[in-house]
Amino acid sequence: EAQVTQNPRYLITVTGKKLTVTCSQNMNHEYMSWYRQDPGLGLRQIYYSMNVEVTDKGDVPEGYKVSRKEKRNFPLILESPSPNQTSLYFCASSLSWVQETQYFGPGTRLLVL
Amino acid sequence: GQQLNQSPQSMFIQEGEDVSMNCTSSSIFNTWLWYKQDPGEGPVLLIALYKAGELTSNGRLTAQFGITRKDSFLNISASIPSDVGIYFCAGQEGSGGSNYKLTFGKGTLLTVNP
Chain A
1 EAQVTQNPRY LITVTGKKLT VTCSQNMNHE YMSWYRQDPG LGLRQIYYSM
51 NVEVTDKGDV PEGYKVSRKE KRNFPLILES PSPNQTSLYF CASSLSWVQE
101 TQYFGPGTRL LVL
Chain B
114 GQQLNQSPQS MFIQEGEDVS MNCTSSSIFN TWLWYKQDPG EGPVLLIALY
164 KAGELTSNGR LTAQFGITRK DSFLNISASI PSDVGIYFCA GQEGSGGSNY
214 KLTFGKGTLL TVNP
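Protein chains in written order, with this note's numbering: chain A, 1 to 113; chain B, 114 to 227.
Chain A with its partners taken away, still in its complex shape:
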């Protein structure tokens, strides 16, 4: 079954404690991306990756890092989380930048205390 998986689905952490949210897709997609969703602000893209070892900033990259060492995985790293990074995070993948056959993951709800 074609899918995008994220882990963990829920996370409560404290300010400054480094964390990683994993994202994996099984469709050999080239384009992967991370979004945060906040009430009243819709979805905002954090980072995207056109292919292995190619990443670029979205609209809200500050405080986040990503890596794309393998095609299937695109982890989101928060080196020093802060309360304003409390949000619902989605990973997504698509065949290419053309956004055909795009799939979103189930989301990760993060609370930073």
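If you're looking for bench data, these hints aren't it; they were derived computationally from the structure.
Careful, some of the hints might be misleading.
As the list claims (entries may be wrong) - In silico DSS-like cross-links for lysine-lysine, where the CA-CA straight-line distance does not exceed 27 Å:
#: 1; chain 1: A; residue 1: Lys-69; chain 2: A; residue 2: Lys-18
#: 2; chain 1: A; residue 1: Lys-71; chain 2: A; residue 2: Lys-57
#: 3; chain 1: A; residue 1: Lys-65; chain 2: A; residue 2: Lys-17
#: 4; chain 1: A; residue 1: Lys-69; chain 2: A; residue 2: Lys-17
#: 5; chain 1: A; residue 1: Lys-18; chain 2: A; residue 2: Lys-57
#: 6; chain 1: B; residue 1: Lys-183; chain 2: A; residue 2: Lys-57
#: 7; chain 1: A; residue 1: Lys-57; chain 2: B; residue 2: Lys-149
#: 8; chain 1: B; residue 1: Lys-164; chain 2: A; residue 2: Lys-57
#: 9; chain 1: A; residue 1: Lys-57; chain 2: A; residue 2: Lys-69
Stated by the list, open to error - Covered by chain A, per the in silico footprint, the following chain B stretches (three or more residues, Cβ under 8 Å):
#: 10; segment: 157 to 170
#: 11; segment: 195 to 207
#: 12; segment: 212 to 222
Claimed, not checked - If the Cβ cut is set under 7 Å, some of the chain A residues that face chain B in the computed set are:
#: 13; residue: Gly-58
#: 14; residue: Phe-104
#: 15; residue: Pro-106
Just so it is clear, CB atoms sit at the ideal spot from N, CA and C, and this is done for glycine as well.
Fit chain B to the supplied structure of chain A, relying on the hints for placement.
Just chain B, lined up with the frame of chain A:
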């Protein structure tokens, strides 16, 4: 970053009515996308538009890519209760340029009264 203005913010309609929502941008996009998000789920891509003036349908949904490349609309005909959800537009510059990020509108919350 770029801003997409999506309207209306919310709609409350009767089952069977047609719905229209739109997005405008101050920048030109080469791709317009429309998504639906159900509660507790990730967004699902409904329609993708790649050419100015393009009109594309997906069942009861129809979307158009504006001629100026700065706007797009989504119509839903004969709404049914399962159309309830949040609808998002998104734009992408892409197409030979160097900017392939996606910018989203803030969403339209649709409620359908049976």
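#### Entry: Check of the segment 195 to 207 of chain B against chain A for coverage (Cβ-Cβ below 8 Å, three residues minimum)
It holds, with 4 qualifying residues against the three required.
#### Entry: Agreement of A/Lys-65 and A/Lys-17 with the hint, judged by alpha carbon distance not exceeding 27 Å
holds, 14 Å
### Message
Hint check: A/Lys-71 vs A/Lys-57, CA-CA at most 27 Å. Holds or violated?
### Response
The hint holds at about 18 Å.
### Task
Take the C-alpha atoms of A/Lys-18 and A/Lys-57, compute the straight-line distance between them, and say whether it is at most 27 Å.
holds, 20 Å
### Message
Holds or violated: B/Lys-164 and A/Lys-57, Cα atoms, limit 27 Å.
### Response
holds, 25 Å
### Task
Against chain B, run the beta carbon of A/Pro-106 and see if the smallest gap drops under 7 Å.
Interface hint status for A/Pro-106: holds (6 Å vs cutoff 7 Å).
### Message
Does A/Lys-57 sit within 27 Å of B/Lys-183, going by the straight-line distance between their CA atoms?
### Response
holds, 22 Å
### Message
Given the hinted pair A/Lys-69 and A/Lys-17, is their Cα-Cα distance within 27 Å?
### Response
holds, 23 Å
### Query
For the segment 157 to 170 of chain B, do three or more residues have a beta carbon lying closer than 8 Å to a beta carbon of chain A?
holds (count 4)
### Message
Does A/Gly-58 hold up as a contact with chain B if the rule is Cβ-Cβ below 7 Å?
### Response
holds, 5 Å
### Message
Min Cβ distance, A/Phe-104 to chain B: is it shorter than 7 Å?
### Response
With a minimum Cβ separation of about 3 Å from chain B (threshold 7 Å), the hint on A/Phe-104 holds.
### Query
Are at least 3 residues of the segment 212 to 222 of chain B within less than 8 Å of chain A when you compare beta carbons?
Holds: 8 residues of the segment 212 to 222 of chain B have a Cβ under 8 Å from chain A.
Comparing the model with each numbered hint stated earlier shows that all of them hold.
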